[in-house]
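2 protein chains.
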Amino acid sequence: MNNYPTYAHSKVLITGGLGFIGSNLARRLVELGAQVTLVDSLIPEYGGNLFNIAGIEDRVRVNISDVRDEHSMKYLVQGQAYLFNLAGQTSHMDSMEDPFTDLEINARAQLSILEACRKYNPGIKVVFASTRQIYGKPDRLPVDEGHPLRPVDVNGINKMAGEWYHILYNNVYDIRACALRLTNTYGPRMRIKDARQTFLGIWIRLLIEGQPFEVWGGEQLRDFTYVDDVVEALLLAAGDDQANGQVYNLGGDGVVSLAKLAEMTVAANKGGNFVLRQFPAERKRIDIGDYYADWRLMQQQLGWQPHIGLAEGLRRTLDYFRATLKDYL
Amino acid sequence: MNNYPTYAHSKVLITGGLGFIGSNLARRLVELGAQVTLVDSLIPEYGGNLFNIAGIEDRVRVNISDVRDEHSMKYLVQGQAYLFNLAGQTSHMDSMEDPFTDLEINARAQLSILEACRKYNPGIKVVFASTRQIYGKPDRLPVDEGHPLRPVDVNGINKMAGEWYHILYNNVYDIRACALRLTNTYGPRMRIKDARQTFLGIWIRLLIEGQPFEVWGGEQLRDFTYVDDVVEALLLAAGDDQANGQVYNLGGDGVVSLAKLAEMTVAANKGGNFVLRQFPAERKRIDIGDYYADWRLMQQQLGWQPHIGLAEGLRRTLDYFRATLKDYL
Numbered sequence: 500m501n502n503y504p505t506y507a508h509s510k511v512l513i514t515g516g517l518g519f520i521g522s523n524l525a526r527r528l529v530e531l532g533a534q535v536t537l538v539d540s541l542i543p544e545y546g547g548n549l550f551n552i553a554g555i556e557d558r559v560r561v562n563i564s565d566v567r568d569e570h571s572m573k574y575l576v577q578g579q580a581y582l583f584n585l586a587g588q589t590s591h592m593d594s595m596e597d598p599f600t601d602l603e604i605n606a607r608a609q610l611s612i613l614e615a616c617r618k619y620n621p622g623i624k625v626v627f628a629s630t631r632q633i634y635g636k637p638d639r640l641p642v643d644e645g646h647p648l649r650p651v652d653v654n655g656i657n658k659m660a661g662e663w664y665h666i667l668y669n670n671v672y673d674i675r676a677c678a679l680r681l682t683n684t685y686g687p688r689m690r691i692k693d694a695r696q697t698f699l700g701i702w703i704r705l706l707i708e709g710q711p712f713e714v715w716g717g718e719q720l721r722d723f724t725y726v727d728d729v730v731e732a733l734l735l736a737a738g739d740d741q742a743n744g745q746v747y748n749l750g751g752d753g754v755v756s757l758a759k760l761a762e763m764t765v766a767a768n769k770g771g772n773f774v775l776r777q778f779p780a781e782r783k784r785i786d787i788g789d790y791y792a793d794w795r796l797m798q799q800q801l802g803w804q805p806h807i808g809l810a811e812g813l814r815r816t817l818d819y820f821r822a823t824l825k826d827y828l
Numbered sequence: 500m501n502n503y504p505t506y507a508h509s510k511v512l513i514t515g516g517l518g519f520i521g522s523n524l525a526r527r528l529v530e531l532g533a534q535v536t537l538v539d540s541l542i543p544e545y546g547g548n549l550f551n552i553a554g555i556e557d558r559v560r561v562n563i564s565d566v567r568d569e570h571s572m573k574y575l576v577q578g579q580a581y582l583f584n585l586a587g588q589t590s591h592m593d594s595m596e597d598p599f600t601d602l603e604i605n606a607r608a609q610l611s612i613l614e615a616c617r618k619y620n621p622g623i624k625v626v627f628a629s630t631r632q633i634y635g636k637p638d639r640l641p642v643d644e645g646h647p648l649r650p651v652d653v654n655g656i657n658k659m660a661g662e663w664y665h666i667l668y669n670n671v672y673d674i675r676a677c678a679l680r681l682t683n684t685y686g687p688r689m690r691i692k693d694a695r696q697t698f699l700g701i702w703i704r705l706l707i708e709g710q711p712f713e714v715w716g717g718e719q720l721r722d723f724t725y726v727d728d729v730v731e732a733l734l735l736a737a738g739d740d741q742a743n744g745q746v747y748n749l750g751g752d753g754v755v756s757l758a759k760l761a762e763m764t765v766a767a768n769k770g771g772n773f774v775l776r777q778f779p780a781e782r783k784r785i786d787i788g789d790y791y792a793d794w795r796l797m798q799q800q801l802g803w804q805p806h807i808g809l810a811e812g813l814r815r816t817l818d819y820f821r822a823t824l825k826d827y828l
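If you read the protein sequences in the order shown, they are chains A and B.
The working numbering numbers the first residue of the first sequence as 500 and each following residue consecutively.
The working numbering numbers the first residue of the second sequence as 500 and each following residue consecutively.
Any given hint could turn out to be false.
Put simply, identical chains are the same to the list, so a pair is met inside one copy or across any two.
[Said to hold, decoys possible] Heads up, simulated SDA-like pairs for lysine to any residue below, C-alpha to C-alpha not over 20 Å straight-line: (1) K783 <-> N670; (2) K618 <-> M592; (3) K510 <-> D826; (4) K510 <-> R815; (5) K759 <-> I787; (6) K825 <-> L757; (7) K510 <-> L757; (8) K618 <-> Q798; (9) K510 <-> R704; (10) K636 <-> L648; (11) K618 <-> H646; (12) K636 <-> P647; (13) K510 <-> G532; (14) K783 <-> E718; (15) K618 <-> F599; (16) K636 <-> H646.
FYI, nobody ran anything at the bench for these hints, they're computed from the structure.
Turn these sequences into a full structure, and let the hints steer you where they fit.
Have a look at this one:
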């Protein structure tokens, strides 16, 4: 069914482990019998939420600390076989308002995590969660990994640096590392309190609350990966040394306009409304237009492909949040 | 003769102003009648040297401070028409041994300089000295500006981030900025104490001291820009709003192997010896092979081209250091 090695009894560290992707990954790893430690800062504006590990709380170790805390990280990486390095500042707006915090988390802390691995656990395998945002406005579609990097916000620049530290430490120091460039990821346990993680979170929340949501622009094309498919990609990349030093795009099983996505989300909810609004003028300058990824490299090298289609993924996501809404507000 | 606007009476700030390129630029700007302020940290391992402004010391204002000093920079950028942002940590080896200092100077300080411009002097024009190192190992030669960025050391990653902050602040905040990706720059006032700035410095020093110098490898192809041509490029880029938001390669009037360069340097010195050594194993992994730039974009858009050939440039450089050696040791 899957072609990654057994994670049973493996020691695994997940930064951002109480966040959206981290907690879904933790659930899967617990199922596979791994010994999982979750690091999370629980900064309220970020994705960490203790409810995300409801039901597995006794089967994981939770360590509340910040990836900027060098001493904490130095200790935590020791003895681990795998590090899924998912902690990050993800908000575009926050990165522009406070560029230094974004730099400290997305660049400097990454460097210090890698230095800790180099000094205290050089045998670890690291998988870094990078982002499509580092491409900026595409020259060509679909965007492959060789596309120039021209980030359009501070967050993209710092994530680009963070990604390259990983590749560098693989190439120069043999700290086995690779990076996945995630596109829009959605699914249970995403942040829906606001748009800091993704606009889709706020759409889902408003739909469940019976309120109309806003779609900005509407014509832009995007791709979406359901979180279980991202988890699968992370496990494949960690388990295969072919991935070392590589950067892989993730993507979806298709491409949709935001207006079409809005319709699909309403359909998955069996009702609801949205309003199309003009793209705000102040964001126009950093609008990247259409984006969707060419993820064939990951498919060819690691056998990954998305399994959950958008309609099904949206249905599952809405079902999850309908049952748990109060724990995400 | 040149097609940049008058700099007479213009207020100009140069970071790294006591360094190799900064001081040559300062001399030219003083000649053109500009009001020049030089910022330099005078960190002994970096390029700053008070002797570099011998003869113009009464015609420039010198401010000893570090670009990491936010308060100093906040004050200094005010009222300036141009900022030539040349301060940087340039040593590959230092960036690997102390990656955090490199990050603080080449990335974080750049962000804080740009924030200072945005808040206190949004009308300023900024020219940033970037580097060919951000390309890493070329896929194709000559390397044009669209070539993928794949830095092979910490220095390259942080310079890449520093460069992109400039382009971003131009695109998002209208802080007019551009970047020149410098290749090997050489000439009077370069650092010759050690190889921190360029291996050519140490070659020249040893030649003048009558000792043999070492050439590592020898077969690698490289291009070289004489410092006066770099100064010309900086002045053109600052003076032309066509450059805003752009990145330009600089290059040389030809391409040479390191072995050929060694021969030319000996010839320019009218004597001397060198030893060819194998490329050290520990540096093999970050060896980028051959590199030379396609600088036609700068030529087409801003009318720049190198004027000083390598033989002539080496002769001038050796003449300079023969007369001033004691001030550079």
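Discussion item. Of the numbered hints stated earlier in the document, which are not met by this structure?
Written reply: 3, 4, 6, 7, 8, 9 and 11
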